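J.: Same order as they appear, the protein sequences are chains Y and R. The numbering of the first sequence is the numbering used here, which starts it at 1 and goes up by one. The numbering of the second sequence is the numbering used here, which starts it at 1 and goes up by one.
These are calculated hints, taken from the structure and not from any lab test. Remember, it's a predicted structure, so these values are computed and weren't measured experimentally. All C-beta atoms, glycine included, are put in the ideal place defined by N, C-alpha and C. Don't take each hint at face value.
As the list claims (entries may be wrong) - Sample of chain Y residues lacking proximity to chain R, with all beta carbon distances greater than 10 Å (derived):
1. Ala-25
2. Ser-27
3. Ala-80
4. Val-86
5. Glu-102
6. Phe-124
7. Arg-166
8. Ser-285
9. Leu-310
10. Ser-315
11. Asp-316
12. Arg-372
Said to hold, decoys possible - Among chain Y residues calculated to face chain R with C-beta under 10 Å, some are:
13. Ile-305
14. Val-309
15. Val-311
16. Arg-312
17. Ala-313
18. Leu-314
19. Glu-318
20. Ala-370
21. Leu-374
22. Gly-377
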Amino acid sequence: MSVYLDWAATALPDRDVLLASVDAALSGYANPSSVHQDGKVAALLLSGARDKCARALGVRSETLIFTSGGTESNHLPMLALLQRPVRGTIAVSAIEHPAILEQAKMLECAGWKTLIIPVTKEGFVTSEAVLATMRDDTAYVAVMAVNNETGAIQPIREIAADLLARCAGKKKPHFHVDAVQAAGKVTLDLSIPGLDSASISAHKLRGPRGIGLLYLSHRIEPFIRGGGQESGFRPGTENLAGAFALSQCLEISARMNLEPQARELMKQVIQSLKSINGISLIPESRTDEDPRFSPYIAQFTNKGIPGEVLVRALSDLEIFISTGSACSSKKKNRPVLQAMNVPPALQQNAFRISIGSETTMEEIEILSNALRSLVSGL
Amino acid sequence: MDTAIYLVKIGELTLKGGNLKEFEQRLVQNVQLLLEGYHARVQLRAGRMTVEGPVESAESIEYALDHMIGITGWARATVVSKDTAEMQQAVLTEAIKARDSGKKTFKVEARRSDKSFPLNSYEIARLMGEIVYDQGILKVDVHHPDILITAEVRERCYIYGPETTGHRGLPCGTGGKALLLLSGGIDSPVAGYRMIRRGMKIDCLYFHSHPYTSPEAQQKVEDLAKTLAVYGIGTHINIVSFTAVQQRIRDSSPPDYATLLLRICMMKVANMMCKSAGSQAIITGESLGQVASQTIENMTVTNSWAEYPVLRPLVGLDKEEIIITAKKIGTYDISILPYEDCCVLFSPKHPVLKADPELTKEIYEKMNIDTLLDESFAAREHKRFGWKDARQK
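Produce the complete structure using the sequences and hints provided.
T.: This is the structure we're talking about:
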């Protein structure tokens, strides 16, 4: 039996949710835009899914747009900038996911300039840093809700409020929050004033890949044009099965509230791994039950073995983890850890443990025993 | 059934004396092997090879000739009877093809090995050129023509346009058998190719250190072996795990000697492999001074541990020269994939540059590593790649 501790890359799929979504795909086979009876059935299923997502997230249904996943949800508000007559600057935090940082480079090709918001050595983006980085021509600010490598929860509420205050009377920059690692996992209030958009992905919530959500607090000019689906903001025939599955996932997460259980498990992870000679946490100041971090993600490092080697050695023992962001695991550099000023040797030896609702104490014990012998043996 | 006919030049082979037949036979055999299943007929007569096969096999025949060692060039020819009108017609067709692909000037060359043919080479060339010129298809340029059209009068008459350059060298299998130390880098596949071109049949030996190195690194080396398999008419790759060996070196020797000791251990295993497979030499991709382990002093030390001649075909080449060949033979793009085949953990910051042979021996013996090497060798993995593996890769 394998031990899966790479939930932040992709959560273990929920079999019931996937099977129910197949039923939804079959009963809602018709195009939701079609006016005949079966089309109406599909449209009804789709709006039902949207309402369910809205209830789980505590927002209005009209603010939710189904997309193909986190990356697209992150891109759409950025692409909308291209329609502005005047180019300016965008400010993104140094620890954003490549879906934002790489797309920022695309915007640079179109005449926009990127400003990087620095982070503290613990991996937090402070409201002061955001305001200090911004310029008068800053049209877009992105700060993620939970960092995918360290689990650091960012002060989104404070940043949103300070952005509003600073720009009182003037046009406020669009504030986007990558909530992919936060939604359904940690307390997340999308309806706070000053937050303009947020991204969510189903496969981080035990749903299928290829479906996500973009929360848009108010309408912005769409970049992609087509058949007018998703209020005209994201044209293309809707992924009904995916939307249905995502709504189930969000509903389950909201109903179950697994955060306390996760906190207990993560406490165990941190305690048992820290007790191994040579292994330490990133950042080191993180405590066993640190409320500043997501209880689902922790980044560790060790004195002797490159993270990549450790991942392979654990994989031989059927224990599955990643070094950091699964999306960039083929690259060797660690920009998030670099932004936190982690020494290069510790960056190279870093690895991530991410847990989920099915993780057990037993699995954590298997992991820590394996790490104990690997770190001393390799 | 339409037939595609290729005329192949064999170059260097013609310099051979008494054993010419043996070389020719091997070349024919190699071409036949690469074309197994394609219904091709291979013949070698009077210094010229012809390959004939159904047009459906044309692509495979061209692939085989493109990768064949021991030929200097080849061209797809039109075969006509020894009738000047028919010959002119074929030349005209070649000229029109050339004009349509943007060529402006031409020259006709003729060869006549059938001396009973009434016209001599000069007269044939003139007659063939005349019709292209008269019809105003291309202009004549005898010094720097855009296209050279050749008419060869042999047992039949062959007309052909531009030639594709071959790999030259001697047919694989005429120069003995050697073991190539293959890594994922740029150099070693080129070294292997160069020795295949001198007629050698090669097997490969690769060392991995999982989990320190990734499965992708090994896949890369296997892909390189597959690429070499086409030129070498198949190859065997032997994969030896060196994790325990590297750990032993790290734990029981001075760090600055680690790289050199690793090379020595590789040589020792290469000795075992040569003995087991009947190889007569060891090939490495070393180039003098390229890295610390490739100084003359260090090469002398590693050399002293080899029980077989160590061939270093790249020893006097610089990186740029090696890269040119790597690109030509299709290994460069595989070699530059970002999967390293040795872990930084085992590479010393300041490796010894001028190792002392006696001291090295002393350190080596202290490690007590021979049993470990025997075990690693015994646990090796073996794979065979045919030439088709590369085409399907």
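J.: Run every hint past the structure and note whether it holds.
T.: Hint-by-hint comparison with the structure:
1. Ala-25: The assertion about Ala-25(Y) holds, with a minimum of 36 Å to chain R.
2. Ser-27: holds, 43 Å
3. Ala-80: Holds, because the least Cβ-Cβ distance between Ala-80(Y) and chain R comes to about 35 Å, which exceeds 10 Å.
4. Val-86: holds, 40 Å
5. Glu-102: holds, 18 Å
6. Phe-124: holds, 31 Å
7. Arg-166: holds, 43 Å
8. Ser-285: Nearest chain R Cβ is 28 Å from Ser-285(Y), so the label holds.
9. Leu-310: Contrary to the label, Leu-310(Y) does not stay out of reach of chain R, its closest Cβ about 8 Å off (not over 10 Å).
10. Ser-315: At about 8 Å from chain R, Ser-315(Y) fails to clear the 10 Å cut-off, so the statement is violated.
11. Asp-316: violated, 6 Å
12. Arg-372: At about 16 Å from chain R, Arg-372(Y) clears the 10 Å cut-off, so the statement holds.
13. Ile-305: Given a least distance of 7 Å, the restraint on Ile-305(Y) holds.
14. Val-309: Check passed: Cβ of Val-309(Y) comes within 5 Å of chain R, closer than 10 Å.
15. Val-311: holds, 8 Å
16. Arg-312: Given a least distance of 4 Å, the restraint on Arg-312(Y) holds.
17. Ala-313: holds, 4 Å
18. Leu-314: Holds, because the Cβ-Cβ distance from Leu-314(Y) to chain R comes to roughly 9 Å (cut-off 10 Å).
19. Glu-318: violated, 13 Å
20. Ala-370: violated, 12 Å
21. Leu-374: holds, 9 Å
22. Gly-377: Holds - the Cβ of Gly-377(Y) comes within 10 Å of chain R, reaching about 9 Å at its closest.
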